[in-house]
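Colleague: Listed here are the chains, written in short residue letters.
2 protein chains.
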Amino acid sequence: MAKQKAKPVILITNDDGITAPGIRNLVEAVKDLGKVVVVAPDKPQSGMGHAITIGQPLRMHKVELFGETEAWQTTGTPVDCVKLAVDKVLHRKPDLCLSGINHGANHSINVIYSGTMSAAMEASIESIPSIGFSLLDYSVEADFTASRFYIKKIVSAILNKKLDKHLLLNVNIPAVSQDLIKGIKICKQAYAKYKEEFDERNDPHGKKYYWLTGEFINFDKAKDTDVWALKNNYISVVPVQFDLTNYTLKKVLEKKNLFK
Amino acid sequence: MAKQKAKPVILITNDDGITAPGIRNLVEAVKDLGKVVVVAPDKPQSGMGHAITIGQPLRMHKVELFGETEAWQTTGTPVDCVKLAVDKVLHRKPDLCLSGINHGANHSINVIYSGTMSAAMEASIESIPSIGFSLLDYSVEADFTASRFYIKKIVSAILNKKLDKHLLLNVNIPAVSQDLIKGIKICKQAYAKYKEEFDERNDPHGKKYYWLTGEFINFDKAKDTDVWALKNNYISVVPVQFDLTNYTLKKVLEKKNLFK
Chain B
32 MAKQKAKPVI LITNDDGITA PGIRNLVEAV KDLGKVVVVA PDKPQSGMGH AITIGQPLRM
92 HKVELFGETE AWQTTGTPVD CVKLAVDKVL HRKPDLCLSG INHGANHSIN VIYSGTMSAA
152 MEASIESIPS IGFSLLDYSV EADFTASRFY IKKIVSAILN KKLDKHLLLN VNIPAVSQDL
212 IKGIKICKQA YAKYKEEFDE RNDPHGKKYY WLTGEFINFD KAKDTDVWAL KNNYISVVPV
272 QFDLTNYTLK KVLEKKNLFK
Chain E
32 MAKQKAKPVI LITNDDGITA PGIRNLVEAV KDLGKVVVVA PDKPQSGMGH AITIGQPLRM
92 HKVELFGETE AWQTTGTPVD CVKLAVDKVL HRKPDLCLSG INHGANHSIN VIYSGTMSAA
152 MEASIESIPS IGFSLLDYSV EADFTASRFY IKKIVSAILN KKLDKHLLLN VNIPAVSQDL
212 IKGIKICKQA YAKYKEEFDE RNDPHGKKYY WLTGEFINFD KAKDTDVWAL KNNYISVVPV
272 QFDLTNYTLK KVLEKKNLFK
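Protein chains in written order, with the numbering used here: chain B, 32 to 291; chain E, 32 to 291.
Please note: incorrect hints may appear among the correct ones.
Stated by the list, open to error - Here are some, though not all, of the chain E residues that point toward chain B, as calculated from beta-carbon distances under 8 Å:
1) Asp63
2) Met91
3) Val94
4) Leu115
5) Val207
6) Gln209
7) Ile212
8) Gln220
9) Tyr265
10) Lys281
11) Val283
In short, the hints are calculated from the structure, not lab data. For glycine and all other residues, C-beta sits at the position ideal for the given N, C-alpha and C.
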């Protein structure tokens with residue numbers, strides 16, 4: 032008797048919160064590719080980085096927001112959502128974890144600040160292949176048509192291959208219509224960053240407060256970076272790792288024997 | 032006329048908050064090595080990862096907590112503190128940024144969750160050489176004697192060399208008395224992680240809530256890891272990078288041409 036292949040279980044989370052259009056579009060894009068389960072924050076968590084909730088307990092409630100797709104909202108961060116999903120919702124590791132679609136870019140150095148990518152990284156650490164998706168459009172009325180098309184393509188390709196149990200991809204999608212997108216490029220993370228400035232103001236009581244603002248600057252002139260690809264209307268795919276060891280500097284330090 | 036060499040400016044921050052014994056001990060350890068300025072969170076920020084504050088403004092106040100050493104407390108995260116320090120306190124980049132001494136380990140995968148290391152990483156991105164320090168003792172009454180001795184040694188060695196403008200070190204110190212410490216080892220980040228479990232409870236109204244708990248498991252049998260070094264009473268020094276590109280996987284994906 033031929034054993035029927037079980038549908039892959041796909042966990043979906045995000046950092047803009049469970050009601051954001053981005054996560055609804057991600058569910059739409061991949062719901063035919065497996066059994067989709069959503070576990071996502073009940074409120075926006077942008078800029079939370081790899082935050083986890085230690086000092087207070089978490090709540091989790093089932094919600095009906097995605098038709099027949101099972102969905103839970105939690106009071107936790109994106110990383111908390113992945114942990115809760117594995118331990119309390121799925122009671123197993125999903126075959127794939129998807130995070131997004133983020134409203135706004137997560138290319139270059141943003142991978143470090145991004146709640147979207149942190150959720151995906153958490154899954155990768157847990158040996159769950161994982162992909163974070165971001166569209167370069169902050170608007171809640173962003174057009175996700177091209178995103179849905181390319182996400183389905185990328186997820187199908189990844190589901191059909193056993194590449195790496197720690198597979199982790201950072202996918203960014205330019206904010207242009209589908210006919211203008213030139214294709215998908217495998218890239219490295221650009222060395223680009225924000226030149227921060229704080230907007231200093233006085234409150235009605237005469238006391239100072241500061242708003243973080245900043246200008247984005249790309250220092251990286253290479254043509255295989257995510258910033259280059261996006262500027263040229265390609266979808267950028269950066270393979271990401273969680274071993275942060277700087278092996279080059281490790282060799283230098285060992286050779287110099289500084290701390291003897 | 033011989034120009035006198037200016038004292039190096041050393042920025043100090045942490046994630047346990049400005050009143051934690053760890054940061055006081057860090058200031059004590061290095062105050063003779065340069066002009067020290069403290070800019071740190073006004074409350075504990077552990078587990079905040081690389082969080083930044085976008086949705087609300089920040090406050091910052093001068094405090095007298097470290098004798099003659101200039102100090103400011105902010106309502107922000109450790110990363111916010113570094114940004115505020117450069118833009119609004121120092122009005123320049125410091126020569127070195129130190130973060131800690133964290134009360135508790137930041138070895139292996141903890142580098143990703145750690146507010147201590149995120150502050151240091153933020154500085155490194157800004158081309159400020161930076162070191163995060165952690166003592167493997169969560170207690171507020173932890174003994175920092177050995178930490179102070181070795182931190183002074185490490186910071187002196189780094190200040191005297193121009194190694195790399197993005198230099199970033201993750202230093203962990205075993206919780207043993209100074210005579211038992213065998214020395215300083217340059218290490219790689221161990222592949223170790225938490226096996227999470229949530230403690231499920233019912234509130235007085237019969238509703239469920241969850242506490243994050245977890246058991247630490249080291250999967251890495253190598254002898255050049257931080258976990259190995261600490262277990263064998265060495266201080267571990269892991270050079271860290273913020274380019275998260277997985278170049279090995281990049282080559283694989285390029286070769287397979289998956290997304291065509």
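Colleague: Please write out, lowest number first, the hints stated earlier that are contradicted by the structure.
Modeller: Of the numbered hints given earlier, those the structure breaks are 1, 3, 5, 6, 7 and 9, listed in rising order.
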